[in-house]
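Enquirer: Spelled out, the chains give:
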Amino acid sequence: MILRLAAALAAALALAAPAAAACTHPRTSLAYLEGQIMCPTCHTTLDQSESPAALRIEAEISKRIAQCWTADQIKAELVQNFGAGILAAPPRKGFDLLAWWLPIAGVVLGAALLALGVWRWSRGRDGPEPPPDEGSGLDPESERRLDEALARFE
Amino acid sequence: MARGLKLSGQALALALVAGLLGLLVWKLTHQSHPPKIGGPAPAFSLKRIDGGGTVDLTSLRGKPVVLNFWASWCVPCKSEAAALEAAYRRYRSQGVVFLGIDYHDVTGDARTFLDRHRVTYTTLQDGSGMVGDRYGLTGVPETYFVDRRGRLVGFHIAGPITDSKLAAEFRQGVEAALNS
Numbered sequence: 001m002i003l004r005l006a007a008a009l010a011a012a013l014a015l016a017a018p019a020a021a022a023c024t025h026p027r028t029s030l031a032y033l034e035g036q037i038m039c040p041t042c043h044t045t046l047d048q049s050e051s052p053a054a055l056r057i058e059a060e061i062s063k064r065i066a067q068c069w070t071a072d073q074i075k076a077e078l079v080q081n082f083g084a085g086i087l088a089a090p091p092r093k094g095f096d097l098l099a100w101w102l103p104i105a106g107v108v109l110g111a112a113l114l115a116l117g118v119w120r121w122s123r124g125r126d127g128p129e130p131p132p133d134e135g136s137g138l139d140p141e142s143e144r145r146l147d148e149a150l151a152r153f154e
Numbered sequence: 155m156a157r158g159l160k161l162s163g164q165a166l167a168l169a170l171v172a173g174l175l176g177l178l179v180w181k182l183t184h185q186s187h188p189p190k191i192g193g194p195a196p197a198f199s200l201k202r203i204d205g206g207g208t209v210d211l212t213s214l215r216g217k218p219v220v221l222n223f224w225a226s227w228c229v230p231c232k233s234e235a236a237a238l239e240a241a242y243r244r245y246r247s248q249g250v251v252f253l254g255i256d257y258h259d260v261t262g263d264a265r266t267f268l269d270r271h272r273v274t275y276t277t278l279q280d281g282s283g284m285v286g287d288r289y290g291l292t293g294v295p296e297t298y299f300v301d302r303r304g305r306l307v308g309f310h311i312a313g314p315i316t317d318s319k320l321a322a323e324f325r326q327g328v329e330a331a332l333n334s
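Which chain is which? The protein sequence lines are A and B, in order.
According to the working numbering, numbering within the first sequence proceeds without interruption in unit steps and concludes at 154.
According to the working numbering, numbering within the second sequence proceeds without interruption in unit steps and concludes at 334.
Hints listed in this document are in silico derivations from the structure and should not be mistaken for laboratory results.
Fair warning: this is a prediction, and the values are worked out from it, not measured in the lab.
It is possible that part of the hints are untrue.
To be verified - When the alpha-carbon atoms are kept at most 30 Å apart in a straight line, the in silico DSSO-like pairs for lysine-lysine are as follows:
| no. | chain 1 | residue 1 | chain 2 | residue 2 |
| --- | --- | --- | --- | --- |
| 1 | A | Lys75 | A | Lys93 |
| 2 | A | Lys63 | A | Lys75 |
| 3 | B | Lys217 | B | Lys201 |
| 4 | B | Lys181 | A | Lys63 |
| 5 | B | Lys319 | B | Lys217 |
| 6 | B | Lys319 | A | Lys93 |
| 7 | B | Lys190 | B | Lys201 |
| 8 | A | Lys63 | B | Lys232 |
| 9 | B | Lys319 | B | Lys181 |
| 10 | A | Lys93 | B | Lys232 |
| 11 | B | Lys217 | B | Lys232 |
| 12 | B | Lys232 | A | Lys75 |
| 13 | A | Lys93 | A | Lys63 |
| 14 | B | Lys181 | A | Lys75 |
| 15 | A | Lys75 | B | Lys201 |
Said to hold, decoys possible - Have a look at the derived ranges for each label pair, beta carbon to beta carbon:
| no. | chain 1 | residue 1 | chain 2 | residue 2 | range |
| --- | --- | --- | --- | --- | --- |
| 16 | A | Pro26 | B | Leu166 | 20 to 30 Å |
| 17 | B | Arg265 | A | Gln48 | 38 to 48 Å |
| 18 | A | Glu50 | B | Arg265 | 36 to 46 Å |
| 19 | B | Trp180 | A | Thr70 | 31 to 41 Å |
Don't be surprised by glycine CBs; every beta carbon is placed ideally from N, CA and C.
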C-alpha cells in the first residue's frame, strides 16, 4: 500500500515538474487576479462572488495559471471573451486613462478652490484699513451746536 | 478679478451639478427592461461561437426566429438543451431559425457544452452581456420569438422549456412566429 502511494506521488511529481519548470517567469496567482476581475453576472469582483459564472471564470484562470500564462495574458483573454467590463479597473491607456486622471484632477482642482477660498476668507477677516480721520461728518452748524451743548456739561 | 473668479467658480459648480444630473438621467433611461411583446426585437450583431463570422438579426428578416439565451454554467440550461435541439430538428424544415445566445460565458466551456449536448443550431457569443441586457434578461435560460417582420411575438419565456407550462408557451411561441 505504501509502495503504491509512493509510486503515485512520484508519478504526480514527475508530471507536475515539467509544467512547473516550463514557467520562465514568476507564476501569477488566482489570489492576485481575482480582485482585479469582475463577476459579469453579479457585478462584484471574483473574490467576493460565489456565483456559478464567477466560479467558472476562476477555474479558467487557474487553468491558464497552470499553463504559465502571465496575468496580462489572462486578462487579455478575459477581455476578448467578456469585453473590457470584466476588468475591475479600466486599462491605463487611451481614452480609459481619463477614468484614472479625472478623479485626480478633480481632487487637485477642489483643493485649489478650497485653498483660494480660505485665503480670501482670511484676508476678509483682517478687514480693510480704517479710513483716515475726516472729522465728525457733521455740518458746521450742527457741530457748533454740539460743541455748545457739550460745553454746558463741562 | 475677484468677481471673475467668483463667476468662474459658480459656473464650474453649475456645470458639475448639470453633469451629475445628466449621469442620473442617463442611468435611469438606460436601465434594462424586457422589450415588449409585439414590439420590434432589439437588433444585434454577434460572433458565431464556431468562428464562422457574425450573425445580424436584421439579416434574418423574413424568417421566424427563436432566440434562446443560455450559459454553460447554468444548470437549467443543461436540462433544456436536448428539448431545444429536438424542437430545432422539428421546426427547421418550416424555415424556423434557432439562435442560441451564449451569455456571460467562457468560450471553452460553451464549446464543451455544445459538444456534450449535441447542439447543432447556430450559437452566438454574448460574452459582455450587452445583447442580453437589451433583452432585459434577469437570468438564463430565457427565450424569445421573432416573427418574419422582426417583431417579438408569443411569450417571453423565463426558465427552461422542459417545464410543462413553459413547454406549452414555447410551442405557442414558435407557432406565433411562424404564422404572424
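Enquirer: It remains to establish, for every hint, whether it holds in the given structure.
Expert: Here is how each hint holds up against the structure:
no. : hint                           : verdict
1   : Lys75/A - Lys93/A              : 15 Å, holds
2   : Lys63/A - Lys75/A              : 13 Å, holds
3   : Lys217/B - Lys201/B            : 20 Å, holds
4   : Lys181/B - Lys63/A             : 37 Å, violated
5   : Lys319/B - Lys217/B            : 26 Å, holds
6   : Lys319/B - Lys93/A             : 51 Å, violated
7   : Lys190/B - Lys201/B            : 25 Å, holds
8   : Lys63/A - Lys232/B             : 23 Å, holds
9   : Lys319/B - Lys181/B            : 35 Å, violated
10  : Lys93/A - Lys232/B             : 40 Å, violated
11  : Lys217/B - Lys232/B            : 27 Å, holds
12  : Lys232/B - Lys75/A             : 28 Å, holds
13  : Lys93/A - Lys63/A              : 28 Å, holds
14  : Lys181/B - Lys75/A             : 28 Å, holds
15  : Lys75/A - Lys201/B             : 20 Å, holds
16  : Pro26/A - Leu166/B: 20 to 30 Å : 47 Å, violated
17  : Arg265/B - Gln48/A: 38 to 48 Å : 28 Å, violated
18  : Glu50/A - Arg265/B: 36 to 46 Å : 25 Å, violated
19  : Trp180/B - Thr70/A: 31 to 41 Å : 36 Å, holds
When each numbered hint is compared with the structure, violations occur for hints 4, 6, 9, 10, 16, 17 and 18.
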